[in-house]
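Novice: Sequence:
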Amino acid sequence: MSYQVLARKWRPRTFHELVGQAHVQRALVNALDQGRLHHAYLFTGTRGVGKTTLARILAKCLNCTANGRGDEGITSTPCGQCDSCQAIDEGRFVDLIEVDAASRTKVEDTRELLDNVQYAPTQGRYKVYLIDEVHMLSTSSFNALLKTLEEPPPHVKFLLATTDPQKLPATVLSRCLQFTLKHMPPERVVEHLTYVLGEEGVEYDESALWLLGKAAEGSMRDAMSLTDQAIAFGQGAVRHADVAAMLGTLDHRHVLALVEALADVDVQTLLAEVAQLAEQGPDFAAVLDELTAILHRLAVAQMVPDAMDNSHGDRAQIQQLASRFTAEDIQLYYQIGIQGRGDMVHAPDLRSALEMTLLRMLAFRPQGVPKPPATPLPLRREPALGTSASSEAPAETAASVDESSAKKPEPSPVVAEVKPPAPAEVQAAAPPDDNAAELAEQHRPELNSEEPPPWSLEEVESAATLSPEPEPEPEPEPEPEPEPEPVSLKASSEAVDANSGLTHSAWLAHFDALGLGGLTRNLAANCQLESDNGDIVVLRLDPSQSAMQAEVHNGRIERALKALGMPRKVQFSVAELDAGLETPRQQEERLQQERHAQAVDLLHHDPNIQKLQQAFGATLIESTVKPTPEPRS
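Going by the UniProt record's numbering, the sequence shown opens with residue 1, and the numbers climb by one from there.
These are calculated hints, taken from the structure and not from any lab test. The structure displayed is predicted, hence computed values, not measured ones. A hint or two may mislead.
For each label pair, taking beta carbons as the anchor points, the in silico distance ranges come out as [said to hold, decoys possible]:
# : residue 1 : residue 2 : range
1 : Asn116    : Gln178    : 24 to 30 angstroms
2 : Asn522    : Gln571    : 14 to 20 angstroms
3 : Ala27     : Glu150    : 20 to 26 angstroms
4 : Asp309    : Val107    : 21 to 27 angstroms
5 : Gln178    : Glu98     : 18 to 24 angstroms
6 : Gln229    : Asp309    : 24 to 30 angstroms
7 : Val304    : Ala272    : 30 to 36 angstroms
8 : Ser544    : Tyr195    : 40 to 46 angstroms
We put the CB at the ideal spot given by N, CA and C, even for glycine.
Turn these sequences into a full structure, and let the hints guide you.
Specialist: Here it is in structure tokens:
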């Protein structure tokens, strides 16, 4: 007996054996059970998804004669044992006329076919015309078919199949019930191949089936044909190495090894993996394509884990890898990979192009970028812990000014507030006097300047000299208490250690001093301090920001706390935030709004602005006012 290939041997013979087309199966089964039959059906879809198979099953349902059902015996479950069912399965049923439109495109062929439509069926209940690749018919053939397709005799059914429905005239589409068959996902292909090989008694590796499912590209027939080839190639077994060699495709495990090296930032391992790949003579452009495809899956796994596909059967491994990258790293690597793919045509060879693309990913990752120098602090504040003396010249001047002013018995109010002031602070610090207003106007920075100029010591002394002496009071008023100096980071960290706990106010006060950046800063800025027992800091995270959470952020925050003298383990608690407490982001937004309001108020009271409004009817557009940002402490 001759061998029958798997694609024909395991072709579905009933609707319940059909794989992956539940939407079409449901519609046809319900129509058959309720007797609501159309005279023309159109099945569309790519090769190997079951168009012809569905048409043959439908023909059996229309002509099955089991159990003496007679003319009313139409069923959605053909028996497969009666003469009609067996004849249709074997391709010898005279009332099932299968036409290959690709070889019979002429109008004469269509007219010859339609000459017999009027005659009753010879053997079955219905005369079924199955026209495959119907889009290949000529325009004249379609025109000849239209009238019969619209109003055929009651004993005739038309079943049309095509892979290119866009080429069909609208007049044909409007006369048919159209069913679009779906691609077969790799998961469905692997599931069916597992069942078939189990029934056939063929040994297999599951990873080999995933290779076959990926290579089938949505076609179940292609998957069955490739499985036949793999069985022959592997001498009766389907093994991963044999299938990879047969297909000549890239081993997915090598690409995952490259991604592992990127996660570890291990350049030596990365280049070693490329060298190992080069021994197999792969298509390096395909390697980069596969790498960017994995980066896309990693991004989906981070943002929407439930939407991640399992096209290679490696869902668990991809989810584990996703937790080792930050979102910005993945987006950057993907962009570099896409750009590198386009640059490969200009590279001297493809291997060097792949290596340079991988090295570029690590060279430009956010962690590799040196931090910018610390921003000079205001004169009235102490320099931050760990700030070099050479880069903090303004801070040294501030320290000298503070020491000299501290030695004086009665420091001037102007000197006590010495710093590069915001415009609103200059007006608030000056006494309510015309001379003081003129002084403030002289030292007010230009509206278009990005940063207020610092005051020199000569300007400070002249400001103190020009300030009018206050009028004598009958009774001396007590001197105002000096504004408390901000606690330095070193003192703050020691106080926290002594109290065995970090307070929420300290979390807000020293958030900028942590030096976090990128996604980690964005994540921490949306957190409130829930608790701190001296060993573990629990940060309460807004549920709307929970998608950003990853293990890498915990380590970065822990290192930042340790650098400030507060060694802690960091844990996140996803819960609704306390309405009475601010997050660092909410505090920053509030302070920005306050600075904006002060700047707007200063402009409204500016004499020059008032003159412009009186002379020209000018209007201040408050939304365009941008106050100078305060330097971070």
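Novice: Run every hint past the structure and note whether it holds.
Specialist: To see whether the hints hold, each was checked on the structure:
no. : hint                                 : in the structure
1   : Asn116 to Gln178: 24 to 30 angstroms : holds, 26 angstroms
2   : Asn522 to Gln571: 14 to 20 angstroms : holds, 18 angstroms
3   : Ala27 to Glu150: 20 to 26 angstroms  : holds, 21 angstroms
4   : Asp309 to Val107: 21 to 27 angstroms : violated, 46 angstroms
5   : Gln178 to Glu98: 18 to 24 angstroms  : holds, 20 angstroms
6   : Gln229 to Asp309: 24 to 30 angstroms : holds, 26 angstroms
7   : Val304 to Ala272: 30 to 36 angstroms : holds, 34 angstroms
8   : Ser544 to Tyr195: 40 to 46 angstroms : holds, 44 angstroms
Of the numbered hints listed earlier, the single one contradicted by the structure is hint 4.
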